[in-house]
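Q: Please work from the sequences and hints to get the whole structure.
Numbering-wise (this note's numbering), the sequence shown opens with residue 6 and increments by one.
Simulated DEER-style distance windows between Cβ atoms:
| hint | residue 1 | residue 2 | range |
| --- | --- | --- | --- |
| 1 | Ile137 | Asp319 | 15 to 23 Å |
| 2 | Met6 | Tyr97 | 39 to 47 Å |
| 3 | Glu54 | Met6 | 22 to 30 Å |
With a straight-line cut-off of 16 Å between C-alpha atoms, the simulated EDC-like cross-links for lysine to aspartate or glutamate are:
| hint | residue 1 | residue 2 |
| --- | --- | --- |
| 4 | Lys243 | Asp193 |
| 5 | Lys23 | Asp214 |
| 6 | Lys243 | Glu327 |
Derived from the structure by calculation, the hints contain no laboratory data. This one's a predicted model, so the numbers in the text were calculated from it and none came from an experiment. The beta carbon of each residue, even a glycine, is placed where N, CA and C say it ideally should be.
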Amino acid sequence: MFEGKSILITGGTGSFGKAFIRTLLIKHKPRRIAVYSRDELKQFEMQQEFNAPEMRYFIGDVRDRERLIMAMRGVDFVVHAAALKQVPAAEYNPMECVKTNVYGAENVVHAALAHNVDKVIALSTDKAANPINLYGATKLCSDKLFVAANNLAGAHRTTFSVVRYGNVVGSRGSVVPYFKKLIDSGADHLPITHEQMTRFWITLDQGVDFVCNNFERMKGGEIFVPKIPSVRITDLAKAMAPDLPSKIVGIRPGEKLHEVMCPRDDSHLTVEFADHYVIKPTIKFYSKCNEFLTNKLNETGKPVDQGFEYNSGDNPHFLTVEQIREVNHLAGF
6 MFEGKSILIT GGTGSFGKAF IRTLLIKHKP RRIAVYSRDE LKQFEMQQEF
56 NAPEMRYFIG DVRDRERLIM AMRGVDFVVH AAALKQVPAA EYNPMECVKT
106 NVYGAENVVH AALAHNVDKV IALSTDKAAN PINLYGATKL CSDKLFVAAN
156 NLAGAHRTTF SVVRYGNVVG SRGSVVPYFK KLIDSGADHL PITHEQMTRF
206 WITLDQGVDF VCNNFERMKG GEIFVPKIPS VRITDLAKAM APDLPSKIVG
256 IRPGEKLHEV MCPRDDSHLT VEFADHYVIK PTIKFYSKCN EFLTNKLNET
306 GKPVDQGFEY NSGDNPHFLT VEQIREVNHL AGF
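A: Written as structure tokens, this is what we have:
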């Protein structure tokens, strides 16, 4: 799939970008890998680790359409990972979140069409399903932009799809490194937002593999959702610091008790495959495929029951405390 191809990753200095690039360099032979991001220090630090001859580094913001168009010249595949994603920060700085997550998504679409890019996958989040916070709302807008882009493409070869998954173990700004920092600094308790809180749980490597597989599966317009386990936040605290007490500190602005990846209102659009779900577009495509029961890998799915919802709180697969420890260890924590 990626052999001899040129791949660009927006927000490429982030946790996903590094893991994705590492996979490309180890398992594939791309012609070029372009990191597109706005932080020069992070790019400099990343160049010390990823300095293969096929690596390229572009300073640029997804808010800057002209710079994106320049960066996508000759690109075959795009992963759009750039986002402002801290929920409380988005609540306090709403327009900054809109500029990056919504206008930035639109700019990625236009740049990809300008250069007839082959395939684009945008990374989404469980918070985009039935959103109650601004971050989730902007990512829902982004999802809709990438799905509808398949009609904008017209006769162009460019296809757009979305990958939606839950909390990534150990990603920058997430709860695992936060808890670890508290534990290492000698904290006398771990702060828990709510004793009933649950989250979907996926490792970086699992997320990368899922994205890579979906480049091969995609027809354009799908939202891909992996089947992954849930964790209880109280079990996570026990797994990381069994001897430390917990203290309930309250839910942060814009937070949910449980996350949803396939909303009940989309059950008539949801197709179940062996290891993932696909949420079909709500709109009709005029120059693209409108049949999503079979994908490009000839995997066949079936419609879910009416009223089905994929929710972290009633997920049939929860990790035990010991399993959480094992997953955290694999993630380096």
